[in-house]
Structure formats: C-alpha cells, structure tokens
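What follows is the residue order along each chain.
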Amino acid sequence: MAPPTFQVQDLSVVYETDSGPVPAARRISLSVDRGETLGLVGESGSGKTTLALAAINYLPANGRVKQGASRLNGLDLLRLPKREMPRMWGSRIGLVSQDPRSAMNPTLTIGRQLDEMGCRHLGLGRREARDLALAMLGKMGMSDPPSVVGRYPHQLSGGMLQLCAIAMALLTHPEVVILDEPTTSLDVTTQATVLDVLTELKTELQTAALYITHNLGVIARVADRVAVMYAGEMLETAGVKALFARPLHPYTLNLLRCVPHLGAGARAERPKDGKASGITRAAAAEADASGIPSARLASIPGSLPPWDDLPRGCIFAPRCPLVMDFCRVSRPPLVEVEPLRWSTCLRWQVLLSDEGRAQAVSVETRAGVPPLVEDTRSRGPLADGGLQPSQEAVSVPVLEVKDATKAFGPARSRAHVKAVDGASLSVPQARTFGLVGESGSGKTTLARVIAGLELPSSGRIFLAGESLKPSVGARGPHMLRRLQMVFQSPDGSFNPRMTVGRALMRPLMIMNRLDRKNARERALELLEAVRVPASHFDRYPSELSGGEKQRVAIARAFAGDPDVVLCDEPISSLDVSVQSSVINLLADLQEEAGTAYLFISHDLAVVEHLSHRVGVMYLGKLMEIGEVAKVLAPPYHPYTEALLSAVPVPDPTAASKPVRLHVSVSSSLGIPSGCRFHPRCPRYLGDICRLQAPPWRLSDGRVIPALAPTSAAGPDRPAEAAHSISCHIPLEELVRLQGAG
Amino acid sequence: MRGFIARRLAFVVLTALLSSMVVFAATNVLPGDVATMILGREASEQAKDELRSQLGLDKPLVVQYGHWLGNMAKGDWGDSLSTGQDVRSVALQRLRNSAMLALVAFLMYVPLGIFLGVVAAWRRDSPLDQVISTGSLAFIGLPEFVTGVLLIALFSRALGWLPASSAIDPGSGFFTAFPSLILPALTVSLTSLAYVVRMTRASTADVLQTDYVRTARLKGLSTPSILFRHVLRNSLLPTVTVVAAGVGWLMGGLIVTESVFNYPGLGRLVLFAIQRRDLPLIQATTILIVVIFVLANLVADIVYALLNPRIRYR
Amino acid sequence: MALAATSVFILFLFAALFGPLVAPYDHTAQDAAQRLQGPSPAHLMGTDNFGRDVFSRVLVGTQGVFYLGGAGTFLAAVLGTALGLIAGYAGRLWDEAIMRVLDVLLAFPALLLAMVLLSTVGPSDINLILVITILYIPMFARIARSMVLDLRTREFVEAARLRGESRRYILFGEMLPNAVAPLLVEASIRFAYSIFLVASLGFLGLGVAPPSPDWGRQVNDARTFFDVAPWMLLFPAAAISALVISTSLMADGLRRVFDPSVEGRRR
Ligand code: SF4
Ligand code: SF4
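Protein chains in written order, with the numbering used here: chain G, 1 to 741; chain A, 1001 to 1314; chain W, 2001 to 2267.
No wet-lab data here; the hints were simulated from the structure. Here a beta-carbon is modelled for each residue, glycine too, at the ideal position from N, C-alpha and C. Check before you lean on any hint, since a few could be wrong.
As the list claims (entries may be wrong) - Chain A stretches covered by chain W per the calculated footprint, using a threshold of three residues with CB under 8 Å from any CB of chain W: (1) 1017-1026; (2) 1131-1140; (3) 1148-1157; (4) 1243-1252; (5) 1272-1279; (6) 1284-1294.
Go ahead and model the full structure; you've got the sequences and the hints to work with.
Given below as structure tokens:
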C-alpha cells in the first residue's frame, strides 16, 4: 500500500518563551490521503494550529520541532533545509487562514495576489497567470470574476475574500491543503456557501485536506475522518460517522454534549404548549431529578492543565468524570481500540453502554449553590415564595421596545444608515427573547439602544410599563439597577486595573447603596452563586479564564437584582466546553430570580435552547418574530429558512439542506429598497419585493401593511402575536413552498 | 479622495491662519515700544505718537492684525527694523539657502534611514538590529551643536578636509556652496536619520508580523517578492508621514546648525531676528517656517492617500 | 541596555539632588591663576577661561536641567492629560476646539516656538518651564485623548455607565489608570527632549541668564577655546548626550515593559 499523501509522525513542538519552554504539541501522529479531509478539532490551547504549521515546517522564531517527521508523499519536510521550503509552500502545500481580511495584502488587488501563484510556481507569464486565476474563480461559481480580481481586499465582502483566498491556495493544485478555521470569521449563510464550494473543489482536485476547527457542526459537514486534540495531545481519532455516533473518549463525548443541537427543542423545563404558564422552580427541580438529558447541557469542569505542570498520567484526568487511580499512573498512548478507531482512554469500554455514557457526561447541577436571590423581598409575583407568576405579570411585559430606530451618519448623506429600523418587541418576566441575526443585522445596536448606551433616533422603551429615558445618564439609579447588560467580550468587560472584587462591589455601592462591608459580603455571595471561587475576589481580571470572567460579568449584572438583563453574545468568544456552563448558569439564574433576558446571538441553536420568543433580524429590520417553536417550524421567513439550512449540524448523517444564499461581492453596506432581503432572497418574487416593503403576516391570518407602525396595530401587533412574518409571500404559500422544498 | 484633499487643504489654511495669530499675538506683547526702538529714546512723545499712528499701532489689535495679514498676503512683508532691508527678499533668499542645505541633508538621511530601518526590522533581534536600534537612540540624543562642533573638530581642524565655517556669500549657487554644505548637512542629518531609522524599523517590524506577510511566505514567494511587494509597500506608507513630521525636526535642527556653522540660512535669520527683536523679520520668518512645515505634512498626507488604496478607493 | 541606562540616569539624578553639596569648588568661583587648566586630580574636568572648575559647573548644571525639564514635562503631562481626557470625553465640539488649537502648536517646530515665546516673555526659569509646558502639552493631550477614544467603547466603561457612575469617576477612576503606562513612557521621552531643548536654547544664548551654569551655554562659550581647552567643551557636551541618551534608552525600556506586544513574542 502506498504511503498516505501527508503523514505526520510522532511530532512534538516546543515554544521557547520568557516563562520557560511550552510544549505546545506532543507526540502527534496523523495522516491524510488524496481526496480525503481530516478534521482536526480542538478548543483554544489544544495546539491544533501549532501542529499544522509545524507539520509544514513553518514555525515562529521561538518555535522548535523537538522530534518527529512530517512526510509529503514520502519527503520529510522537517529534514528539508529552510531555503528549500518556498518551493514547497504554495506549490505542493496550500494554506487558507482564518481571517481573510488580515490574510490578504491590503495594498494589492486580488488579481495581483492570485497571479503571484501562477507566476511563481507554474512559470506562467502575467497574462496566463491572470487567465488561470479567472478560470479558477469561475470554477468556484463566481458570477463576475473579472470585477473581483480588479478590486482591493477592503472592497470585497469577507465571504468573497475567503473564496479568493481559497482559490489562491488551490490554484496550483497542491497535494495537501491546510484549512485553518477558514469559515470561523464568516456568517453562517456565507459559511455554508463557502463550505459547499470548498467541498466541491477539493473533491474535484483530489487534494488531501487538513481542516482545523473548533466547530463540531462544520467538522460533521466537511470531514471524512476526525482527530480530537486537547492540551497539545491527540485523544481520539476515528471516521466522522463513527466518532459522532459513538465517541470513545470522554472528552469527545462531553464536547458533543456541550453544544445545543438545533431542533432539539428548548430547555425541557419549559412547558411546550406555548401557553404562558411560566416557569416554576418545582418544575425545574423535577426536570433535574428526572435527568432529562436535553434539560441541561454538559459542561467540562475545570480548565486546561498549565504547561509547566502537566499531569503525569492521562492528560484529561483532572477534568474526567470517569477518572480512576490507574489513569494517573502514566500517560496512556493512542491505541487502536477498534478497527480504524484510536483512543487514549483506558476506560473506553465504559462508553459503549448507555449507563456508561451517562456516567461520563458531566452535568453541573445547581445543588449546593446558594440561590442568587436569598430573600423574598424581590418583585411582586414571586414575592410570596409563590412559584407561579400571575397571569397579570406575564401580560404586562417587563421590557417593551416600540419602533426603535437608530440611524448613523448625517441624514440624507450616503453614509446615513439605519442600523436598526422600527424594531418592536416585548419580553415578559422570567422569559427570554432571543434575537438572532448575522453581523450587521443591528442586533447589538438594538441592545445598546435599549441599554441607553446609544441614543435612539426614534422609538420608545418601557421597563415594566414605565417609559425609560433614552440616555443612560438620565436614568436614575433605581432604573439602572433594573436593566443590566452582559457583554460579548469577557476581556473587555473588566477594567484590567481593578480587582474582581472591586468590580463587583462598585455596582452594589452605587446602585444598591450598600456600604463597603455589606457590598463586600454581597459580592462574595454573588461570586459563590456563579460558582467562582471566593479566592478570586482579590485577583485581577487577567488572572481569570474567559469563562470565569464571563461568570463574574453575569454576577455583576445581577448585582442590583435586575428585572431585565441584556445578553449581547455572551458566549460567542468562549470555548465550547465553557459556553455550555455559561448557558446553564443563565438558565438557572433566570429560574431563581425571575429575570427576563434579551439574548442576542448569531447561533440559532443556542437561541433555540434558551429562548421563549425569537426575533430574526436582517440589516436592521426584524423579519420574523414569534414563539420559538413557531419560528423554527414552517412557515419560515425566507431568510430564516436560509439561516436554518445553513447552520451546520453536528451530525454527519444529517442531510445537507438545499437553500443557499449567494455571497455578496462588495463590502459596502448599502441598504436595499423594498424588502431588504431581496438581493439575496431565494424566493424573490420580482418587482414587488424590490419596490415595496413587505407587510407583516400574522399567524392568525391578519396582514398588517408595512407602513403602519408595528406598535400601533392594537393588541395583535407583531411584537406580541404568536408568530409573524414580514414577507410578500402569503403564509400558506410559504408553507407549501417550504414543505415541498 | 477629492473630499479628502479638500479637507486636508482646509485644515492647512486653518492652521496657517491660527498660527499667524499666535505669531502676531506673541510678537505684539514683546517688551519694548516699536516707536522708541525706531526713533530712539530721545525722540519726543509727539514724534512717537505720529509714528505710531503712521504704523497703525494706535488701532485695536484686531484691526492691526487684519491689516498685517492683508499685507503679508499681498507680499508686503515690511522692512527689517534692524537692517532696514526688505524683509521679503532677505527671507526668501535665506529660504533658498536653507533649502539647499535641507536638500543635501534629505538626500543623506532619508534613503539611508529607510534602508537601515528595514534591515534592522528584517534581521530583528540580531546583533545587527541591536547595533542599529541602540545606535539610533544614541544619535537622537546628540544635540546638533555637539555633533556640529565635533564634526568641525574632526573634519576641518584635525583633517582639514572641509571648511569649518560655512559662512558663504548669501547669494552663491548650489555648486559653489556645496563644500560648505556637507558638514552642516551631516550635522542635521544625524538626529533625523535616527528618527527615520526607528520609525521605519517599527512599521516594518509591524508589517512583518501581519497575517498577509505570513500568507506571502506560505505562498512560497521569493524573498525579494515578499520584501518589496508585500512588506515595503505597506511598511513605507507610515514612513511617508514620518519623513514629513521630521521636517519639523529638521528645521529646528537647522536653527542650531546654521548658527554653529554661520551658514546664511533661514534658521540663522530667525535667531538674528529674535536676538534683535526685529518684529517684521520675526513674523515673516516664523510664518514662513510654519507654512513650509504644514505644507510638508499636506504633501505627505496626499502621497499617503495616493499610495493607500483604502483611502484612494473608498 | 535599559538597565545600564537607568543607572546612568539615576547617577545624574543624584548629581542633581546633591551636586551643589559634593561639588569640589564653588561653581562661580573664578581663579585667574588657574585659567584653562587641563583635567587633573585637582580639577577633574579642567578649568575654564575664568579659572572656574568645569566639573563643579557640570555637576551644578545638572540641577538646572532636571529642574527646568522635569518641572516643564511634569506640568505638560498633567495639563496635557487633562485636556486630552476632556477632548476625548466631552463631546465633538470640545474635542474639535481643543485639538485644533493644539494642532496649531504642533505646526511649529518645537525649538522655533520656544524661541519666539521665550523672547516674548523674557528668559527666566519660570518662563522656560512654562514654555516647555506649552510645547509638550499637545503630545500628552493626543495620547490621553486617543486612550479615551479607545477605552470609551470598551465594555467595562459601558458597564460603568450602566451602573450610573459619574463622568468624573469614569474618566479618572476607570480610564486614567489604564492610560498611566503610555503617559509615563511619553513623559520620559519628553523629558529627554526637554534636556535637548534647554541645552539648545542655552547654546543659542536664549536660555537662563548667566552665571547659572547652563550646559548648552557652557558648550557655546567653550567653542572659542576649543583648540586650547577642548575639555571645556567636551565635558558638558558629554553630560548632555549621556543624560539624553540614557533617558531615551530608559523610555524605550519602559515601553517594552508596558507594551510587550511591541516585541511581538507570541505565546
Ligand atoms: S484514561 Fe482515565 S482519566 Fe483519561 S480519559 Fe480515560 S477514564 Fe478519563
Ligand atoms: S418580501 Fe420578497 S424578497 Fe423579501 S423575503 Fe419575501 S419573498 Fe423574499
């Protein structure tokens, strides 16, 4: 049998840093064959990128290959002298990196950057190289390659740029291509198209591909085989179907159980009948007791072992629910436990049974954690220890937004953009409103307008029926206390020069008027409630992990016992295994404190998991709004439909759904006339979509013309109806189309 | 792009106007009465008053300013109080001389500075880089009057190769003046050289860290392609601005250097004017220098925009 | 490198603090018999044309440099930072007004502006300090302003607004502590430049009036005697260079410590 196209054997990489050597990848072996895609999965710090770059003999100056070989069709790249490498890179080895915006030279046109490949490696003249580049772009399904090659990177959209980067990497038909998170920086709809193109091209060229990502959904879609990395080591490798169906390492299993699956339904505690009966603590407790698996996401406690103190035994032992004493004796090697399946776990057999798997999944419970709200002084309906919010409480929304519009740039100029245009929504107590949208949809702007951080151009916001002043500075402390926010970036959320304790005490002193001593006490309680050790009280934010920081940020938001917490992508910068624990925490706190959330995310599955109602935004406008189960079932708004079919599902057996949006060429953000979605809409009807703003179609059959303010349509306004869609296509027609498609 | 230039131009005009106000204000609170200065202490009060009204000195400051600005704009820069010469012709002649000196200095330090900066960044953390980086810091720390004096000591006193004084005839041509230009040009160059080296090194080192340079490397391009097409194209962009900002340094340096070498340039004229409290001369020379500096920055901004597609095609 | 520079700097600082106490001679004492003597154990750096001890003059001169440059830089740092914070946080109008005026100051080469201003107000210690202050305010203001603009959109500042903190607290409690490092680096760079500037002014005869032993003036005075008594020129010149160089090397070291990203060592 011929050796595989690309083979890494026993490779170890060390970085020399000021604080000593960091063994970033240890004794890794893998192989990829022609036409095959190996998915390399791992969270941050797993060493997956280091491994890939070391394997193609490209390391930063302080990186060093300690041992091992990396063979491309038998030729050991690591034995080649440095000056030989440029002849390999680009011609026999291709690389596509994560962010096309920074990976493309901003001062050269796309064409010139593509030409370089042909000129350098294929010995072509400028003109021939250009022809080749154009042909390649055409092959990728671009409608107008000549206009693309003439542009500079900043003039192209991220998706289009990434397509160009892929074309560049594959132009010379390399034997192996390294794809380093190539779609992570893209929107889901764009990602889906890029993945399709990539898969097609790769199959056609029979390239061996090493696909690096943290996203299990993407892996399920693109990979033939998967290798799972953790803390610089490889824990498991298997064929993609086998791995997803039956992981044989506890880490892989937990990783799969950490992410909510789209379509799995929302939190099990929540009654599914769609009627407003509210959440009860009793119900939550019951759900926990019955151990319904989808009730809570798995999460992996603890964090990566520090580089200078790696465990002697199994690298995963400190976080493994199955750990036994013998796991800690010596490092278990990667062995072929079943035909074509390798795992380092000594107890892999446990994972073969249902009970074993249940045992191996770590689900944190709320048991033993003191509740966040310790007394019953809080809001009315919950005050009597009564667990059922009264009907009245549900019908008066705690947060209501009416026709919020936010425009940037001077009016009538070209730069004038309505980032949010006439958004209305309402959130009852103890409920979550999920706001989904891709980048540029205005969802964050809307949250900032609600928070008062950004002044609305028009529209009003009500907190428990009281009108809120537009600017945060004008809202008094009692209002501020009731409306808080959790931000996207855990790093940015804390002043680097202020201890965690102070960050928590400050709001208590300002908003709750506690004195120092009481603030300190309460801050410690808050830390405990979000499961951050009290020892972190005097630490600086840089000493906390991302997940811990986000927990503290949540504690800070809850410090004033708020009615509403705005969560702006609170988990998107966290690793998968940490995400789930933050999601669980948010759900728990909601049940304990009866808080309402506006939960913003680009991740439909997470939104589905957490929300009661959902709004889908596109370019500043709400396109669809309604109860979660209704929004995620036909009839869909055509944009929601595209979104849903674009979301990669972590299940390799799932059929790829057909609806694809084309990738827009230009980076400029003009707002289309008529229906904003019309230039990309797969169900585009014609002039009516281009010229007229679509009406709201309610599930009870009403049609509300577009021009009527959404809030002025009486009790059945879209913001509160069970389900409404803004489209020219009637609902029955949508059902018919989507049922068929 | 056009909007960009228009905005920069408006900024230049605004800055020039405001700085003319600063100069006018500063020179008008100068101690000493102009009338006394011209007519001498013995002159009668009446004669002084007459002269004041003749010169418009009895009018409100704002009116005086408007009047003065109008004259400046018309090209009537007044007569020197100390020498009686026409300020404009003297200032422009000295400007020409300073320009010759600056040109020679420019040709010395700009190319060399860029070269050394790029080399240092390319061979970053190597001994060569250490020498260039630390050396450049050391040169920034040497005042022109020290380097100037030392250069004179070495090249004219000890070796006798070049003239110690550059007190050329103010009207002499470039080639007759050339030998006298070398030492002063070298003197002003040293500090500016160090500045260009450091800035070029910093921007080049930044670019070398970017993802797109990594992309270029992993495309297997040859070193010259990477360096010239991918690195320098981007890293020399900020250098354009740096060189323009360095014009300010250069002119400060010229004031000192010209006086060390007795070179009849604009810098020494400013010093002379200030020592003599020669108002019209101070005003004219100062504004001339400011305008040149601001224009240099304007040119740099435009060049920057022209070279940068992100501004060119917005 | 930075360590060596720091020790040199500290040496100068000691000279400034205790120079007059340890100076072997009165720096103004003239001794006609000892004119233009070369370096010797009695006169480490020789004597000048009035028979004054060069070493004592250099030593005492340190004081003036630290006093003038230090006070000027300090005032500029305080005022400039305040202006920058206001410009960055008080809204567009203030921002435009403050920054345009400061831009005008930046449109003058520093030495030129110093000369014009100094000739207007007359050379005295206080005036020189004020001129340095005016000259360097724009740099500090720019840095403080850009820090504010950068920090203003950071989430922790927004969190502070969301809990109802006052503007003053946000500026001084949340933002300023994060701006201290770059401001400190700038201050040390500016201090180095101010030594340069004071010396240049002294050399041009626009500095502080004699007989205060100004290094720049000493160099200027010594030029005439360079052939017979080079030490008169070399020692003050070396003192200026050594102090400026050590200060800027120190600033460079500070910058590396505060902003490791400049060194770009990943991981
Ligand atoms: S070897 Fe032991 S500690 Fe490691 S993963 Fe398996 S059961 Fe867990
Ligand atoms: S209105 Fe037209 S363009 Fe808009 S979503 Fe409906 S069908 Fe598509």
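(message) When the structure is checked against the list of hints, which entries are broken? Sort them ascending.
(response) No numbers; nothing is violated.
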